[in-house]
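Trainee: Sequence:
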Amino acid sequence: QVGCRLGCTFCATGTMGLSGNLCAGEILEQMAHARRLRPAVCNVVFMGMGEPLENYNAVVAACHGLVDQCRFEVPKRSVTVSTVGLVQRMHQLLDDAPFVKMAISLHAPTQELREQIVPSGKAHRLDNIMEAIDEFARRYEGEKKKSSIMVSYVLIAGVNDSNECAETLAELLKDRPVIVNLIPYNEFDNPMEPGFRAPEEAEVVRFQNVISQQGLKVFHRRHHGRDIAAACGQLARKPRDIES
Numbered sequence: 000q001v002g003c004r005l006g007c008t009f010c011a012t013g014t015m016g017l018s019g020n021l022c023a024g025e026i027l028e029q030m031a032h033a034r035r036l037r038p039a040v041c042n043v044v045f046m047g048m049g050e051p052l053e054n055y056n057a058v059v060a061a062c063h064g065l066v067d068q069c070r071f072e073v074p075k076r077s078v079t080v081s082t083v084g085l086v087q088r089m090h091q092l093l094d095d096a097p098f099v100k101m102a103i104s105l106h107a108p109t110q111e112l113r114e115q116i117v118p119s120g121k122a123h124r125l126d127n128i129m130e131a132i133d134e135f136a137r138r139y140e141g142e143k144k145k146s147s148i149m150v151s152y153v154l155i156a157g158v159n160d161s162n163e164c165a166e167t168l169a170e171l172l173k174d175r176p177v178i179v180n181l182i183p184y185n186e187f188d189n190p191m192e193p194g195f196r197a198p199e200e201a202e203v204v205r206f207q208n209v210i211s212q213q214g215l216k217v218f219h220r221r222h223h224g225r226d227i228a229a230a231c232g233q234l235a236r237k238p239r240d241i242e243s
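Here our numbering is used: the first residue of the sequence shown is 0, the next is one more, and so on.
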C-alpha cells in the first residue's frame with residue numbers, strides 16, 4: 000500500500016493515511032528490481048508500508064506470482080505475509096494461499112493495552128487473533144518450518160515493556176508455535192504520541208529474558224535504516240526539496 004489507514008500509534012506510515020493500493024504487478028515489480036541487484040534473492044516478506052491483508056486480492060495474486068515456476072520461482076515456504084490481525088482475511092488466506100507463512104503484528108499482551116496503541120485492535124480482538132493462530136497451527140501441524148508464526152512486538156519505553164507485560168505475553172503465547180520478534184521503537188516526529196521513546200538496550204534484554212525463561216523462542220531485531228528514516232515504523236512520504 001501507499002500509506003495506511005490503520006493508524007498504529009508507533010508508526011509513521013499511519014500518519015499519512017491511505018493514498019492507494021499497489022496492484023499485483025507493481026508488487027512483483029519490486030522483486031524484479033531486487034533480482035537485478037541480487038539475483039539470489041529467494042525470501043520475501045510482505046511487511047513495511049501498509050497492511051497487506053487490506054489489499055487482499057493483489058497480495059494473494061502476487062504471492063502466487065512469486066512462487067510461479069515460470070516467473071520468480073521463489074520456494075513456497077519462503078513467502079511470509081505480515082498482518083496487524085485482520086482475522087477474517089487470515090482465515091481466508093489459509094485457503095487462498097496455503098503455502099504462505101504468517102507474521103502477526105501484536106505489540107501488546109492484553110486487549111485493553113492493544114486498543115490504546117493499535118486502534119484496529121478494537122475491531123480485531125486479541126482472542127480472535129489467537130484463534131486464527133491456532134487454526135494456522137492445526138492446519139500445518141507436523142510441518143516444523145511452516146508452522147512457526149512470527150509475532151512482532153514493538154517495545155515502547157514505559158508503555159508495553161514492563162515485566163508484567165512480558166509475563167502476560169508469555170502466558171498468552173504459551174504452547175503456541177510462535178517466534179517472538181522484539182523491535183525497539185524507532186523514533187520519528189510522532190504527532191500521535193510525541194512522548195513515545197525507545198527503551199534502553201538493558202530493558203530490551205530484560206524483557207527478552209523474561210519471555211525466554213518461559214520457554215518461548217524470542218529474538219531482538221537490530222535496527223537497520225534508521226539513518227535514512229527507513230527502519231520499522233519510520234516509512235512515510237516526505238516532501239522533496241525542489242531547486243528553483
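If you are wondering where the hints come from, they were derived from the structure by calculation, not from laboratory data. Be aware that a few hints might be false.
[To be verified] Keeping only pairs whose Cα atoms sit at most 20 angstroms apart, straight-line, the calculated SDA-like set for lysine to any residue is:
1) Lys173 / Asp95
2) Lys121 / Lys216
3) Lys173 / Lys121
4) Lys100 / Met46
5) Lys216 / Ile148
6) Lys173 / Gln115
7) Lys75 / Asp95
8) Lys75 / Thr109
9) Lys216 / Gly157
Trainee: Check whether the Cα positions of lysine 100 and methionine 46 lie no farther apart than 20 angstroms.
Mentor: Within the cut-off at roughly 12 angstroms; holds.
Trainee: Is it true that the CA of lysine 75 sits at most 20 angstroms from the CA of aspartate 95?
Mentor: OK: lysine 75 and aspartate 95 at ~13 angstroms, within 20 angstroms.
Trainee: Does glutamine 115 sit within 20 angstroms of lysine 173, going by the straight-line distance between their CA atoms?
Mentor: violated, 24 angstroms
Trainee: For the pair we were handed, lysine 216 and glycine 157, check the Cα-Cα distance against 20 angstroms.
Mentor: Violated: lysine 216 and glycine 157 sit about 24 angstroms apart, past 20 angstroms.
Trainee: Please verify whether lysine 216 and isoleucine 148 have alpha carbons no more than 20 angstroms apart.
Mentor: holds, 11 angstroms
Trainee: Compare the distance between the alpha carbons of lysine 173 and lysine 121 with 20 angstroms, and conclude whether the hinted pair is satisfied.
Mentor: violated, 23 angstroms
Trainee: Would you check the hint for lysine 173 and aspartate 95, treating anything up to 20 angstroms between C-alpha atoms as holding?
Mentor: violated, 28 angstroms
Trainee: Holds or violated: lysine 75 with threonine 109, Cα cutoff 20 angstroms?
Mentor: violated, 33 angstroms
Trainee: Can the restraint linking lysine 121 and lysine 216 be considered satisfied, given a maximum Cα separation of 20 angstroms?
Mentor: Violated, at about 28 angstroms.
Hint compliance for this structure: hints 1, 2, 3, 6, 8, 9 are not met, and every other hint is.
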